Amino acid sequence: MEELSILIGGKAGDGIRQAGQTLARLLNRIGYRIFFYDDYPSLIRGGHNFSIIRASKKKILAHKEKVDLIVALNQDAVEKHKHRLNSGGVILYDSKKVEAQGVGVDFMGLVKELEGAPIMRNTAALGALAKVLNIEWPILKRVITDTIEKEVDLNLKIAQSAYDQVEKACFSVPNLNQKMLPLVSGNEAIALGAVQAGLNMYIAYPMTPASAILHYLAEHENDLSVVTIHPESEIGVALMALGAAYAGAKTMVGTSGGGFALMTEALSLSGQGEFPIVFIVSQRPGPSTGVPTYTMQGDLSFVIHSGHGEFAKLVLAPGDAEEAFYLTGLAMNLAWKFQIPCFVLSDKHLSESIFSFDADPDKIKPEDPLLWDGQGEYKRYLDTQNGISPLAFPGNPAAMVKATSYEHDEYGITTEESDQIVRMQQKRLRKKKTMEDELSRHEQVKVYGNLESKTVLLCWGSTKGACVEAAEELGLKVVQPLVLEPLPITPLREVLSDADKIIDVEVNATGQLAKLLSAHGICIDDMILRFDGRPFTLDVLLEKVKEVLS
Amino acid sequence: MTTVKELETYAQNTWCPGCGNFGILNSIKKVLADLTEEGLDLSKMVLASGIGCHAKIVDYIKVNSFYSIHGRVPPPISGIKLANPDLVVIGHAGDGDAYGEGIEHLIFSAKRNINVTFIVHNNRVYGLTTGQFTPTSPAGFKGRSTPGGSPEEPLNPIDLMLASGATFVARGFAGKPKHLQLLIKAGIKHQGFAFIDVLQPCFTFYNTYDFYNKRVYELTDKAHDSSDREAALARAREWSYGEGERIPIGIFYQVRRPTYDEKLLKGRIPIKLKPGNIRSILKKHI
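Residue numbers (the numbering used here), protein chains in the order written: chain L, 80 to 629; chain R, 302 to 587.
There may be inaccurate statements among the hints.
As the list claims (entries may be wrong) - Computed cross-link-like contacts, EDC-like style, restricted to lysine to aspartate or glutamate with a CA-CA straight-line distance of at most 16 Å:
#1 R/363 - L/489
#2 R/567 - L/489
#3 R/585 - L/515
#4 L/137 - L/489
#5 R/585 - L/298
#6 R/567 - L/225
What the hints assert, rightly or not - Calculated Cβ distances over 10 Å to all of chain R for the following chain L residues:
#7 126
#8 261
#9 302
#10 314
#11 344
#12 513
What the hints assert, rightly or not - Sample of chain R residues lacking proximity to chain L, with all beta carbon distances greater than 10 Å (derived):
#13 312
#14 347
#15 369
#16 379
#17 380
#18 405
#19 456
#20 577
#21 580
Keep in mind the hints are simulated off the structure, nothing from the lab.
Small disclaimer: the values here were computed from a predicted structure and weren't measured.
Virtual Cβ for every residue (Gly too), placed ideally from N, Cα, C.
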């Protein structure tokens, strides 16, 4: 089989995501490329959780509505999802708990018999699943040994017993003999990209869907050589980060929309005081608490316009794990190069989905900022041609470093004089021009699919995955800006110049990218919007695009 | 060494004549000058301030500084100290900053015991916004936002800091600069969060010189054991920022506890960390 989609469903607390990840590893080990989607409500016990693992011979960035196999740990997994089953599809279910047609195995009975904990039901499910897929036992054994931290032997026994209880395989999933790739979530890619660009400190207050960046960096703090801090609030987070940056530490913060709302005060301070700082904003449906564990691209306008006062900022929007990695590295380097706030705008779908990760770490190198050469008297806010003042840090015996939220002179002493105010505001805004020159040397807009097509799917962020595949299938072109502020209007006009029909695809209710482009005179012909908290699956998007084209 | 004179900047001082801030400014400059004599490297010193009359202090002293925003002095000074624990950091804040807008940060600084000094210029009135009541104004305070008198009881910051776990809790009076210098010096030398509430008359909007001069008395080692938390609490409650006959000033409480920076950093200095190797981590993702 060149492609296979499996849904694992159960209630919260059943370890669905963990089981799904182990399954993803299993398929990775035999050369499949993976896209892993996780769907869960905001609760700790009960409810209904499911993961969809799509495995394919070629690289994929989206999942499908339809699946080939459902693994049901409870009845909901059958009732809520049986409509998804492709013809020839199979349900593998816990036979004493679930009523269904397909392959039933008494997972719970088997776990009890071997005196395992109830959570090990998902190990039993994996064992049975491997057999259903006709994957050889030693491969599963290896994956369980590498993945499960506690009671490996017991888990192996349970898995093997379940494996043996399935009489015959329903699918034939061969070893594709392709290189195995690391399986990395968007959040992990963000963390790793920042580390590769020299991250010293990560400061964050927990907020879904950004929390995993904090968890991951905290867990690997020593290996990655990063200090992680969880302060009292997002206000504390952002201000603490500015202090750290002032002292010379490469610092990043991460949150979602509501937490970022609290950080906007500090954002303006970073604009005025010229503190380099990276903000990760991983969106979820709003307004306010909204739908905490689902996805949305609803904060584009908020983030690009955030902060009071006028100052330069950079907003980057990766669409997959590799882009998350590279663009976070770029954000860190440019934040320090221009001494400005730089954003990586993610969403739940990018942050928490897992991808086969094929990035080259060497493509990110930590870049030194412009440092003071020690000549003459140090002026923190030296008025230069390109607006960038050389940096020095406290502790430098030759420099007095005065940073400030107030309008100031070149030394950083408060001023309210009109000529000084104008001079300093112009100096800071000149950095925007300098940054735009630099950005023009980077890839700011990506194009995929049929480059000759005059019908364009316009998208940004995680919506890229479904768009690219849909476009390939329908022979259309895809345009994805990676930079959203300052908007790369020249390259956008270039790639859109011969388009007859631009279809904007976004996961929000108002088409925020479409509005942004319209403000620059680029007319959008149609919009396909989804705002139920779920991302576009490939099949749903294909249907919508066909409707628009018919 | 550096003299008090050498610590001056060219910034024009814009405090009102008679402002209590002068007593604090002169004291801190004297302490810094004295400490350079004892070997303090001034380039490792960072002062920070919030927003309000007090905040101008960083413009008036020739050392590294971080002029923050209202209420937000504890987070950046924590960030500075954590990024480079070799730095010596002093935060200045007003009572509106410290006890109003940014009180969560103050409580957490004490709870964590971050190794910085925090000086509150507590004039018990909003000066720069021309005279409103603050968290430490007495009940009934007639300000521009409460012409009928403040309906709130004042907060007792000494009591609050003791409850929050601060390891150095002191109160000074801007009208007694020699005594204040001793407190600031002790605060800087203290390993941990050193909190100093400074009673600071506002000559224009709330002139309390007479009120304090009649009531303050110094806590002495003889009469007060600053390692005794119960005794500290009793002294803290002797005056609750309203009426009252006697106002103790001095060190209420001091104890050595491991600091947040020691516990969090475990010897690491973030600005000197070299990036880790992500390839070995990525292997674990296969």
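Checklist entry - Which hint numbers does the structure go against, in order from smallest to largest? => result Hints 2, 3, 4, 6, 8, 9, 10, 11, 13, 14, 15, 16, 17, 18, 20, 21 not satisfied by this model.
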